[in-house]
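Chemist: Residue strings, one per chain:
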Amino acid sequence: MFDAGVKLPVPAKAPRFRPATQESPAVRWLLIGIAVLGLAVLVVAPLAAVFTEALAKGWAAAVTSLTHKDARDAIRLTLLITAIAVPLNAVFGIAAAWFITKFDFRGKAFLITLIDLPFSVSPVVAGLCLVLLFGANTALGGWLVAQGYPIIFALPGIALATMFVTFPFVARELIPVMIEQGRVEEEAALTLGASGWRIFWTVTLPNIRWALLYGVLLCNARAMGEFGAVAVVSGKIRGQTATMPITIEMMYNEYLSVAAFSLAAVLTALALVTLLLKTALEIRHADALAATHRH
Amino acid sequence: MQIEIDEISKQFGMTAALHPVSLTIPSGALVALLGPSGSGKTTLLRILGGLEFPTSGRVLFDGQDATGLTVQERRAGFVFQSYALFRHMTVFENIAYGLKARPRATRPPKAEIARRVGKLLDLIQLPEIGARYPTQLSGGQRQRVALARALAIEPRMLLLDEPFGALDAKVRKELRQGLRDIHDETGLTTVFVTHDQDEAMELADLVVVMSGSSTGGRIEQIGKPADIRARPASAFVRDFISA
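Respectively, the protein sequence lines represent chains A and B.
The first sequence begins at 1 in the working numbering and counts up one residue at a time.
The second sequence begins at 296 in the working numbering and counts up one residue at a time.
Only chain B is shown next, with the shape it has when bound in the complex (with noise of 0.2 Å):
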């Protein structure tokens, strides 16, 4: 699915969040939104995952104004960056629960849910953990049943908010691969906020790199990887990647 965020600008009372910005993801990408605390990046992407609303512009999917669409009509699998997994229940559980949460009408069978649960833990490499809670499960497990539940939903896109924040350097490399492997193999649009200019070098197709100010956070550059790396855009954006 094709994103477009159209002259998005966010307030949070008196604190400028975001400054307009504009930015069209095509469908199918593996998008970093990359930059320094305070640039807006993850208020973007709870934009787009409808859990902030901004305070002017617009936000299409495949053409279609989804500005106003709530949290679940808009159907983004979001990982979250302290992963939020349900404490009180099983990694099976956690998985299951938004095929559970759907209406009568559109909810699989028990049987279904079981085996779709089945298929994203193998998805994952954790076939084995379905009984245990999340507090049983280290960092790096814990991140990838949360991108499992995020996948359970059938999504139309997935949103991640630093989603290797919390974990070291090892397992953060073994990750950055699961994660390309998931988004090629379902092909679905993904964003990912990132404040590690490697991370998004090396994992995403388009990197956007944004910067903090009093007026809110703005776009700096957009581009390929190679691309920023060979024509940073600004003085910001050399010293971001260099750093």
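For reference, chain A alone in the conformation it holds in the complex (with noise of 0.2 Å):
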């Protein structure tokens, strides 16, 4: 019994439809506030601490703290340790990922047990291990100091050491992507006639640079970074082999507050160059990233 004259209700304004996914405003506010102050307080705060602490006698004081011996040894040491073992970890995880992913064998399941290993064990741990192994008073050891080539309290024992803490970045980066790209262009390019080796350079590196560069960058800033297991085998002998985390650690324990949180400066510096460097490949090279949509 619709009279024509009757009008609907019009309302006021649009109806405002919400996405099904999106909270209601409170909700977002609160996590969005959680996260801003869990980021303020673990991560901000003590990252301008250590930049205030550094400066806290003037530009001067800590460019003179940085260029005495001791720390700018600590720099070149630290550097040179990155220098070895972040290519070596690199191949080794490329290697690794790749025997994990393009072959079944046998004890696959415990092989990637292994590489995570690392990150389960104590860094301290890793560390006694290495002198247990390599230590003067082992026969391997004592043999090797017989021959000239110490292992422990040098630098050799420090880039094992930084190693064995940093070896699950690149693997660990690249077991996933491989896993999820298959092996089905490396097939194809067998039917096309290429060698294992031209497959490697061709297509299996190029389709996983990304996951690459990502695990070597955070292989990179963990390397500069380790602490506990090169702690145990470094010996702390300044100039020799006190890496910037371990000077840091002795200046600020004989007070040197200016020159610890100098050099401690310099190492997060570092660590944000990294990242930057991160992100500025992911912008450069953004339509490159979707057409192998990963990260």
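Incorrect hints may appear among the rest.
[To be verified] Ranges between beta-carbon positions, derived for each pair:
hint, chain 1, residue 1, chain 2, residue 2, range
1, A, I283, B, Q306, 45 to 53 Å
2, A, A95, B, S529, 48 to 56 Å
3, B, E302, A, V184, 27 to 35 Å
[As the list claims (entries may be wrong)] Chain B regions said to be covered by chain A (calculated; three or more residues, Cβ under 8 Å):
hint, region
4, 370-379
5, 388-401
6, 440-452
[To be verified] Derived list of chain A stretches under chain B, where covered just means 3 residues or more per stretch with a C-beta under 8 Å from a C-beta of chain B:
hint, region
7, 184-196
8, 201-211
These are computed hints drawn from the structure, not numbers from a lab.
Glycine residues also receive a C-beta, built at the ideal position from the N, C-alpha and C atoms.
Build the complex: two chains, separate frames, hints provided.
Modeler: This is how it looks when you write it as structure tokens:
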């Protein structure tokens, strides 16, 4: 019984639809608040504190402390260790990930667990293992010292400790990507007549290059900052085996607060540079990233 | 090239994929391996291409034993079900891949590679897409690029694994004719795997109907489409082609 004259009620304004997955404003603000607070307390405040402490007595004092021989030696050693550990771990990581994802064999799950081991073992324990293996009073270590190649309390020990701790980063980034991509592109390249070596360089590596880059950058950041395992094997000889984190701790314990925090600021800056590099590459190669759909 | 399959069987660990099968594919034929999943048809195709090795039996190309030949030595143009185009390369680079991978002595010069890629792009009727990436192509275009890439190596035979599987019905019909034309033009012995009996019957000169069982896939019947329709050799074949 509708009368033609009856007008349907017209809403004052168009109804606003909320996307099904969107939360109410209260929940959103709560979540944003928690995230911001967490970031501020856990990340921003300590970072700011490091730089503030470093500059507590002005730029000049900070720069002077960094030009001190101990500081310069520490920076040089850390960069050297990183330059050794990161490329080697990149190679091992690629080899391990390639082996795990492109072949079927027994004990695969065990190997994956083994690769993760450095994440779950305390770095101090890792350092102790190296001492037990290569220490001067073990058969192997004693022989190496006699040959003039000490491992513990020397550069090789620090490099080994750093590599142990940072081993999983590259492999862990690569394995899921390579599993997702499967072997079919490699098979296609085989049918087109390419050799295994050529396939690796022209098909496998280009397909994993972004994951590899992330792995290497993470590995790099961690390698520069490694303290626990290195502390056990380094012997903390100034100018010889004291890396940046070790030197920072020693300076701090000696109440050289400006020196300690200046060096800490440099270490932090190196890590930040790594992150900036990653972001810059992401922006620059956004198209390529979208094409290989990952991250 | 004539392909002979002589009592080939394949086991994957404890599972039997192929019961010993024998088959002769005459030179220049367009052959369909037709069967439900689990009938071993893809396994047989991969054995021909050298991507799997048989547990027993022999493969002969033109009467020569080819069982031990590596994938590269077989020179089989292979089109994968998912096409397996190199995603970080342009269409041009994809098609040129096989030519660039040749040893220096037999590798054509750059200009010659470009000329051949251009010709193949014409053959698949997509002359303008050389600079695009696979993600920028439709499914049908990708399939044709995969075909061109396989043809670029001047293969001795063409092997296609469910070449139309991932396409919608209309594109599928078009590309069927496309494959027929390319086969007729190149004269290559061509084997394709399909589970679609219409596709097999319409396109192939010779249809190989396969069935699966716990002892592995086996061949039920080999024949011209009309003969198989007229005289199915078993109840399985009758059911499968009338489905």
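Chemist: Sort out which numbered hints this structure fails and list those numbers smallest first.
Modeler: Checked against the structure, no hint fails, so every one of them is satisfied.
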